[in-house]
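Engineer: Read off the chains here:
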Amino acid sequence: MSRVLHLPFCEQELSSINCGDEVLISGILYVGRDQVHKRLFEAIVSGAELPFDFNGNAIYYMGPSPAPEGFAIGSAGPTTSARMDPFSPLLLKHGLRVMVGKGPRSKDVVDAVKEYRGLYLQAYGGCGALYCSTIKSVESIAYPELGPEALIKLEVENFPAFCIIDSRGNSFR
Amino acid sequence: MKLEKLIEDALIKAIRILPEDVEKAIRKAEKSESSEFGRIALKAIVDNIDIAREKNIPLCQDTGMFWCLAEIGRDARVNLKKLEASIIKGAKSAALNGYYRKSVVEDPIYDRKNTETNLPPIISYCLTEGDNITLSFLLKGFGSENCSSVRMLNPTAGEEGVINAVVDMMKAAGGKPCPPCFIGLGIGGTMDRAAFLSKKAFFRKGRESELEKKIKDRLNTLNIGPGGLGGENTVLSVQMLTEPTHIAGLPVAMTVNCWADRKAQVVILGGYDE
Chain A
1 MSRVLHLPFC EQELSSINCG DEVLISGILY VGRDQVHKRL FEAIVSGAEL
51 PFDFNGNAIY YMGPSPAPEG FAIGSAGPTT SARMDPFSPL LLKHGLRVMV
101 GKGPRSKDVV DAVKEYRGLY LQAYGGCGAL YCSTIKSVES IAYPELGPEA
151 LIKLEVENFP AFCIIDSRGN SFR
Chain B
1001 MKLEKLIEDA LIKAIRILPE DVEKAIRKAE KSESSEFGRI ALKAIVDNID
1051 IAREKNIPLC QDTGMFWCLA EIGRDARVNL KKLEASIIKG AKSAALNGYY
1101 RKSVVEDPIY DRKNTETNLP PIISYCLTEG DNITLSFLLK GFGSENCSSV
1151 RMLNPTAGEE GVINAVVDMM KAAGGKPCPP CFIGLGIGGT MDRAAFLSKK
1201 AFFRKGRESE LEKKIKDRLN TLNIGPGGLG GENTVLSVQM LTEPTHIAGL
1251 PVAMTVNCWA DRKAQVVILG GYDE
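Heads up: the sequence lines are chains A and B, in that order. The numbering used here numbers the first residue of the first sequence as 1 and each following residue consecutively. The numbering used here numbers the first residue of the second sequence as 1001 and each following residue consecutively.
In short, the hints are calculated from the structure, not lab data. Given the structure is predicted, the values throughout are model-derived calculations rather than measurements. Each residue gets a CB set at the ideal place from its N, CA and C atoms; glycine is no exception. A couple of the hints might just be wrong.
As the list claims (entries may be wrong) - To give an idea of the chain B side of the interface with chain A (calculated C-beta under 10 angstroms), a few residues:
no.	residue
1	Arg1016
2	Ile1040
3	Asn1048
4	Leu1059
5	Ala1085
6	Tyr1100
7	Arg1101
8	Gly1143
9	Cys1147
10	Val1150
11	Gly1174
12	Pro1177
13	Gly1228
14	Gly1230
15	Trp1259
The task is simple: from the sequences and hints, build the whole structure.
Structural biologist: The structure is reproduced here in structure tokens:
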């Protein structure tokens, strides 16, 4: 089934999405991958302030290529989610609910998504040019020293994804 | 045209436009895939190929690590110092002018500081027959490379052992490497030689062998499918190279390339000694 998800999300829209649904995302999408996850994890453990409010927001595992002139961003497809697995349950415990990446997740992540009524969506791997065309604007948020791995904020429109784990903890396949 | 410019142009094109046979295989898969969800993923991939070509931007944000096989004919005229400099300069310019993502870090364990240039490239020099120099490049993305692996089998494992090892490695990869994948296999030699052959195999010429077809068919029964969403298109090609090995072993290496099987080749007729 086709669904839409506006971000920041409302509970009703989030819980209407089932695993196996195609989902079009519009709105605000925060972006962070390996090093950002390590830092967010460490910030939570040490009680430091987080660089963005998890409440209502989503994180996209991605590191873009540089933007050519006239583009908001370069190629911008998902990276492999499994590498974020060691960090995700703690982030979910601290209020993060929606994750967008590619590929399967660990059992711990599936369990955490169920416990905290989250959502794991898969973007189509390798489709960086396609995702570039859905991104309207880019804003730098934190850790610029990480270069292509920095924490940034996107505004997206009709960003295509696929629900792998829904808020009831049901998994696709 | 200067060699470094030829290399630069080939590498800039390679991350935007797939080799003809690769694109053809993907489009064919999109038409034939029987899984509804697999078809959704393939449709996104085909759209992506069209958008990258039309907007002249990289197919994937992971523009990969430069991997280069420099095959030098034993009868080629060659200035090795200039050849090496041209490969490095060509790669560096491609990364800069082709909007490659800066994806290479200096120290792998501790500070992981970005080199900011996508250098160094990984270059292997080999001697071959004839008087030409052939430079074969892979733009090696790491979503797929993280799924590449080597198994050291028993010498008695035979064909079934090889097939089972490859099936096992692909099962472990699952949906992670952006299937449908292109598989390179290196069999024999030593552990490192098998790994090297598994990359060189992507440039193997000639028809598909019986064993390659057998492995491809087995992998396509795993139902990993496009995007890992299920279907019979898990791999679109298997290419294999074999070499002599030790009486005690049977090394089997697999390199996984994602559907964006990006390659470039530059052939220098008669060698390079300018």
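Engineer: Determine for every hint whether it applies to the structure shown.
Structural biologist: Outcome of the hint check:
1. Arg1016: holds (8 angstroms)
2. Ile1040: holds (7 angstroms)
3. Asn1048: holds (4 angstroms)
4. Leu1059: With a closest approach of 6 angstroms, the Leu1059/B hint holds.
5. Ala1085: violated (25 angstroms)
6. Tyr1100: holds (7 angstroms)
7. Arg1101: Holds, about 4 angstroms.
8. Gly1143: holds (5 angstroms)
9. Cys1147: Holds, about 9 angstroms.
10. Val1150: With a closest approach of 20 angstroms, the Val1150/B hint is violated.
11. Gly1174: holds (6 angstroms)
12. Pro1177: Nearest chain A Cβ about 8 angstroms off; hint holds.
13. Gly1228: holds (6 angstroms)
14. Gly1230: holds (6 angstroms)
15. Trp1259: holds (6 angstroms)
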